[in-house]
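Asks: So the chains spell out like this:
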Amino acid sequence: MADERTAEIAVSGAEDRAFGLAEPAGIGLLWAIALGALGTAWFFPLHLALAADILILALFALSLDLVLGFAGIVSLGHAAFFGTGAYVAGLLALAGWREPLSGLLAAGVVAGLLGLVASFLLLRGRDLSRLMVTLGLGMMLHEAANKAAWLTGGADGLQGIRIDPIAGLFAFDLFGRTAFFYSLSVTLLAVALLVRLATSPFGLALRAIRANALRARLLGIDVERHLVIAHGLGAGLAGIAGGLLAQTTQFVSLDVLAFQRSAEVLLVLLLGGAGNLWGAVVGAVVFKLAHETLASITVHYWTFWLGAMLVVLVLFASDGMTGLARQLAHRMRRRAGARRAPGS
Amino acid sequence: MRIDRRGLLFGGTVSAALVAGGARKARSASPLKIGLVLPMTGPFASTGRASETAVRLWLEERGGRIAGRTVELLVRDDTGVADTGRRLAQELVVREGVDVLMGFGLTPIALACAPIAEQAGKLMVVTAAATSIITERASVIVRTSFTLPQATLGIARWAPKNGLSSAVSLVSDYAPGHDAEKAFEQLFTAAGGTVLEKLRAPLQSPDFAPLLQRAKDAKPQALFVFVPSGVGAQLMKQAAERDLAGAGIRLIGTGDLTDDDILPQMGEVAIGTTTSHHYSAAHPSPENERFQANYQRLSGGRRPNFMAVGAWDGMELVARALERTGGDAEGKKLVEAAKGLSWTSPRGPIAIDPATRDIVQDIYIRRVERGKDGELWNVEIDRIPAVADPVKAGLVR
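Taken in sequence, the protein lines are chains A and B.
Residues 1 to 344 in my numbering are what the first sequence spells out, letter by letter.
Residues 1 to 397 in my numbering are what the second sequence spells out, letter by letter.
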């Protein structure tokens, strides 16, 4: 316990404000997701497939936020765990285990274990070498899945996956209703867990390590243990996101392990802002909606406009959208303060 | 309320107009919505571009109508990713209410979308993806492209009869490559040839040099190659550097190797390469000449390739099936109507096998030659008529 209390001290009050991570903010995120999602279901009942897609991407980005935003481990291969989860869920269903909840749990556990093992590789070296190791790990898994065609179906993917109705009641439908509410429930649970984690002594210790690993170590925090656990948890959550995708689309292909997916989720997180949970969700929503809107306007050149948008965003908001929002709020507060000052 | 003559007349006119209006609406019907799911961006964008151009050309020539109904085209970019493609197909069905799903550039995407089409009861026309199993994954799928074993059959049967009885196969190490390797070995052996060695190149950034050297050392009469479209040029260049032709080794393969879309840029090294495929832009027929000229006009000088002709025939299939059903676009009825259809495509005569819903077509043997215009063309030198998918026919196991 002692090391965790010291960790609380290590994260100074100033930094706490900078992260904006008091518990009410986290609860607010839960409410925002729930209300936003229910609003979507009410007003856009024909857009639920897209909404489910956004939720899964948000969950995937949240898992990376735990690894990158909290533990400070730079990763270019996070899709390795997402894909592992997807294949575990898909293969279980193909083998006859069609109950979705336990299948999803299995996906999370296997990906989490893989994450734990992989984390020992990540303890050595710093950012650049971690980038290389995660990139290599992702590519190795992708090629392994391609080679193991007898198990994974190779480039053709896993077909004929059937999933039982959730709790024996809700069958997966063409409108994506079940997929949507299923993804929503899982995402809300995950956010609740992450909010709890972020404000726990463990979460504070993680942030201390991210701020300055050497100082955190001097304060008595077991840096290695914290990083291993955080990476394992992040990998597990990514596996659950992958499992969700496999179960709701009832198909798994090599794309789930592709480098593009790792890059995309990193982009989403940076777009939203890392290290505060809000960013992952905001980033996923903005990225997917921008993608959809641009692709519907210009089906050939949307990638160009999306790229332009990202460049502009990075120029003006290097901390992502949540960073920009915080800056604006801060400036407004200062202006309000200045206006009040002369009169008082 | 008094009923006078004027009132009666007025009321009668209004109701007559309403009835007539209603009748007209029923006759011209709502537009036929066709959803195209294709890779429009990313590494497979050329497939999407060629297919879309061909579909637009078809519509332009028919005045934008099919069986008296106007056509509304909805193009969606699947970016070459299966789960994206699946969601887009789902949205096209539930949100846009499309009557027909068409396109599908890559096998995993077609396979991921198959359950959607089946569940929604919509006709799904596969105009590009070429893995044999696709049509078996849903009863509403009809294919107008080709199957890889079908294209392989041509060269595998032709080679032993034309002095090439020993071969080494070289394929990319992924599912379609494995399919090509298997189909070639079985069909080539059945036709009296011997496969000396089977080589596989990694899919990602392949270096063919060591493999080509091994192929050369095995001293075959032919080297059979299957690599994804686009990689072929690099392979041919390396084959020329190792002087395979000088060692008496002929380069053979399926038409993907000398895709008409990129053949003009391949240069001297491609000359002499012999492939088998279902479509060459140089196919001598009035249908193709017209298709060729109009396509070049619409695409800014690009040649139509097998992706383009697949999409063109996809539209032709929908039109012919819809005429048979009298404009009824219900999925099952359209599929039934599509079974057994046959027509002359720019590629030559084709038919839809009523038993498998897969395409039956002539497979041509083509050699790359420099044409009178100074450009490279796949010149047809032989033809194997009415080839069905060899996998479904039990020729390849």
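It is worth saying that the hints were derived from the structure and are not from the lab.
Just so you know, these numbers come straight off a predicted model, no measurement behind them.
From the three backbone atoms N, C-alpha and C, an ideal C-beta is built for every residue, glycine too.
Take these hints with a grain of salt, some might be off.
Incomplete in silico selection of chain A near chain B, CB under 7 Å [what the hints assert, rightly or not]: (1) Leu46; (2) Ala49; (3) Asp53; (4) Trp150; (5) Gly154; (6) Gln159; (7) Leu174; (8) Thr178; (9) Ser253; (10) Asp255; (11) His291; (12) Glu292; (13) Thr293; (14) Ala295; (15) Gly307.
Listed next, the stretches of chain B that the computed footprint assigns to chain A, with coverage defined by at least 3 CB atoms under 8 Å from CB atoms of chain A [as the list claims (entries may be wrong)]: (16) 95 to 108; (17) 137 to 144; (18) 296 to 307; (19) 315 to 322; (20) 385 to 395.
Asks: Against the structure shown, which of the earlier numbered hints fail to hold, in ascending order?
Replies: 4, 8, 11, 12, 13, 15, 17, 18, 19, 20
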